[in-house]
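Protein sequence lines correspond, in order, to chains B and G. Per this note's numbering, the first sequence runs over residues 326 to 437. Per this note's numbering, the second sequence runs over residues 34 to 146.
Treat each hint with caution, since some may be false.
Claimed, not checked - Reference listing, derived: stretches of chain B covered by chain G, where coverage requires no fewer than 3 residues with Cβ under 8 Å from a Cβ of chain G:
#	segment
1	341–353
2	420–426
As the list claims (entries may be wrong) - For lysine-lysine, the following DSS-like pairs were computed, each having C-alpha atoms within a straight-line distance of at most 30 Å:
#	chain 1	residue 1	chain 2	residue 2
3	G	Lys75	G	Lys90
4	B	Lys396	G	Lys75
5	G	Lys75	B	Lys382
6	B	Lys334	G	Lys90
If you are wondering where the hints come from, they were derived from the structure by calculation, not from laboratory data. Quick reminder that beta carbons are idealized off the backbone N, C-alpha and C, glycines included.
So you can see what is in the structure, the chains are spelled out below.
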Amino acid sequence: NAGVTQTPKFQVLKTGQSMTLQCAQDMNHNSMYWYRQDPGMGLRLIYYSASEGTTDKGEVPNGYNVSRLNKREFSLRLESAAPSQTSVYFCASSLWTSYEQYFGPGTRLTVT
Amino acid sequence: EDQVTQSPEALRLQEGESSSLNCSYTVSGLRGLFWYRQDPGKGPEFLFTLYSAGEEKEKERLKATLTKKESFLHITAPKPEDSATYLCAVQAANNNAGNMLTFGGGTRLMVKP
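Isolated chain B (complex conformation) (with noise of 0.2 Å):
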């Protein structure tokens, strides 16, 4: 039961370049999460998926994109990276968005 997975663990970017964060989880949770996490600013939501086949934004959507596979994956996307696009990102699930989340290792994104 490896929980929720993510990859790539690192990452670096050149500024304009395009990626796909992916992540999945095997607890059969029903809602999933994309996080960044940056000094001083804390943990922010940037989309989630209530269930499979819906998204939506979060507090921080600009410049991203997030596609629910099927119910265990749910990729974010980085159409064209910017530098304010440096940041840790976490992907997390829940049984139902009103549950407690579990997180994912992570992926430390640079953009030059």
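Once you have looked at the hints, place chain G on chain B.
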């Protein structure tokens, strides 16, 4: 707007020296308050959920309590392995954004042997 403030930002303790971490919050109707532990380079690890004032939860050396304005994480006789950043988050009852969590900035706890 929901707000969560954690204090202190950093806390240094000697092994065995008990203390408390504070999480003050303002929220338009509390659905739940969550405590997480985060080790360097890792994702937050869920510890507790508290739903109503007066509720308490315990796990090993940790005890979380809740009032209408704040939550405390009491650490009894801490050990070096308790060193981590402790995060508090609230979830509003009338939050339309997927029951979004609002996180505090965290308290970095360092326990010296």
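Okay, the hints, checked on the actual structure:
With 0 residues carrying a beta carbon less than 8 Å from a beta carbon of chain G, the segment 341–353 of chain B misses the three-residue requirement, and the given coverage is violated. With 4 residues having a Cβ less than 8 Å from any Cβ of chain G, the segment 420–426 of chain B passes the three-residue criterion, so the hint holds. A distance of roughly 24 Å separates the Cα atoms of G:Lys75 and G:Lys90; the hinted pair therefore holds under the 30 Å criterion. With a C-alpha separation of about 24 Å, the suggested pair B:Lys396 and G:Lys75 falls inside the 30 Å cut-off, and the hint holds.
Between G:Lys75 and B:Lys382 the CA atoms are separated by roughly 25 Å; this keeps the pair inside 30 Å, and the hint holds. Annotation: proposed proximity of B:Lys334 to G:Lys90 is violated, straight-line Cα distance about 33 Å (limit 30 Å).
Hints 1 and 6 from the earlier list are contradicted by this structure; the remaining hints agree with it.
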